[in-house]
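Q: Going line by line, the protein sequences match chains A and B.
Numbered according to the UniProt record's numbering, the first sequence spans residues 1 to 303.
Numbered according to the UniProt record's numbering, the second sequence spans residues 1 to 256.
None of these hints come from the bench; they were simulated from the model.
Just to be clear, a hint being listed does not mean it is correct.
Below, a sample of chain A positions facing chain B; criterion: calculated Cβ distance under 7 angstroms [to be verified]:
#  : residue
1  : S47
2  : M100
3  : E178
4  : D190
5  : V191
6  : T195
7  : H217
8  : S260
9  : L261
10 : P262
11 : R263
12 : R270
13 : L271
14 : V273
15 : L274
Using N, Cα and C, we set each Cβ at its ideal position, and we do this for glycine too.
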Amino acid sequence: MTATQPGPLLSVRDLRVAFPTRQGVFEAVRGVSFDLGRERLGVVGESGSGKSMTGRAILGLVRPPGKVTASRMEFEGKSILNLPERQMRAVRGRRISMVMQDPKFSLNPVMRVGDQIVEAYRQQTGAGRAAARQRAMEMLEAVRIRDPERVFGAYPHEVSGGMGQRIMIAMMLASGPEILIADEPTSALDVSVRTEVLRIMDDLVTDRGMGLIFISHDLNLVAQFCDRVLIMYAGRVVETLAARDLHNARHPYTQGLLNSLPRLDAPRERLAVLERRPEWKDGPLDPALVDASMIDAFPGGVR
Amino acid sequence: MSAPILEIRDLRVWFGNPPDRVDAVKGVDLTVARGESFGLVGESGSGKSTILRALAGLAPTWSGTITVDGESLRGTRRSPAFHRRVQMVFQDPYASLHPRHTVDRVLSETLRLQGMDDIDRRIGKLLDDVGLGRGFRFRYPHQLSGGQRQRVAVARALAGEPALLLLDEPTSALDVSVQAEILNLLADLRVERGLTYVMVSHDLAVIGHLCQRLAVMQGGLIVDQLTADDLRAGRADSAYTRELIAASRSYAGREA
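Model the full structure from these sequences, guided by the hints.
A: Structure follows, in structure tokens:
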């Protein structure tokens, strides 16, 4: 398989992330499989469903004693599962980037914004100082920061949350990664800024053929923004579907999530409360609802 | 018609001194009737939370008049009667509960401060009312989920039997399924206890669900006041409000 056409950018089979605890081993991710092409892939679930942990596992960011296993985790045909840190660094940031939820915790508070972008870019590409500075300016403009000169010299506390998030995106995209993992990139943002940030990511997928993993708990947003959606519950993907079909989801968990949202166009006296059934956690996955790739991972049924 | 429970006239709130002075609220008028559920929406920095903070005595510099239930407020000092009448629920239940105090201590301290008697029975009742049950009484915050913590915060706010609850983004730190539970709880409590709510949120759907009337803020000013029905029908006077409604209906730039 060649690196570009037609294979997926990223192929994951039976990904598991386990943490030892005093009560025994806790599995945060329990057999997740998916392929990512040059598309917008949404990953939806509640907190604790393992969606963020899936993103972190791909980038090798699960700290010991956590353990990551998978029957396959390939980036453009090469395994990136548990790469030694030195080799992982050649991938992380440069070819697969991640934008975290809250810019307040991702930016260094005592370092100027521009210097942080320059440092990250030089680290990833080995570029010279002047080239890196120019690139940082370009990126700040690309994420539609109106006054890049000023922002370049500002400290993180001097910029707003929305701007901080755009700065993070600028930093993560400076090296032109093939895959961007965005973990709730817009949930700290106002609606108007959110639209802008989404448009930036959208352009990158459409124009540059980047693959985007968009982790979110906002179903409506994912339904409109993404191409395909994985619904996660208790560490497993319980349903995979095209984003435009999300509102016709068939898994009771997905339906429950949708019904618990207040809606402007369909007011309700009471919001439906999600009941959680044990079979969603441990029962067999419904082959009609998940991708064939999921079933591959469990040839003899689930667990 | 009874007198409004909350009346705000020409409220201005600022921080710092010139030349660094920031005007967060620039002359706001608001009236909230008793028993009403009123929403304040706007982007971050629009001044919506600052209004609640000025009301609660958490903003040091403000001018204008705020009248709560006939009592005129001044500065940042609030009378014991005010604290009994008005309580606040904050956005982040992970930050608003003392990590080393049990639920029992949180509630009993509040009840004692409010001059309540029969504390033991009241704690049990409060926990039942917010749907936690008495089994949660001796737990610490770290033993509770986000939704359970927010329920404790609601119980604490209800301890003094207030008439007016100030809700500052009470569900934005929670999962959608848990948000539904808390919104249902708040709706039920308002009916049972005849409470008045002033709720701040950036989520129009949440405001539309819980509130009957709302004000839209931008840059420290109210640009629009409308009813929940207007909101749902998209009837708004200002272009900004119409933009907000459109943005909350569709996010991406993909559609035409």
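Q: Which earlier hints turn out false for this structure, listed by number in ascending order?
A: 2 and 3
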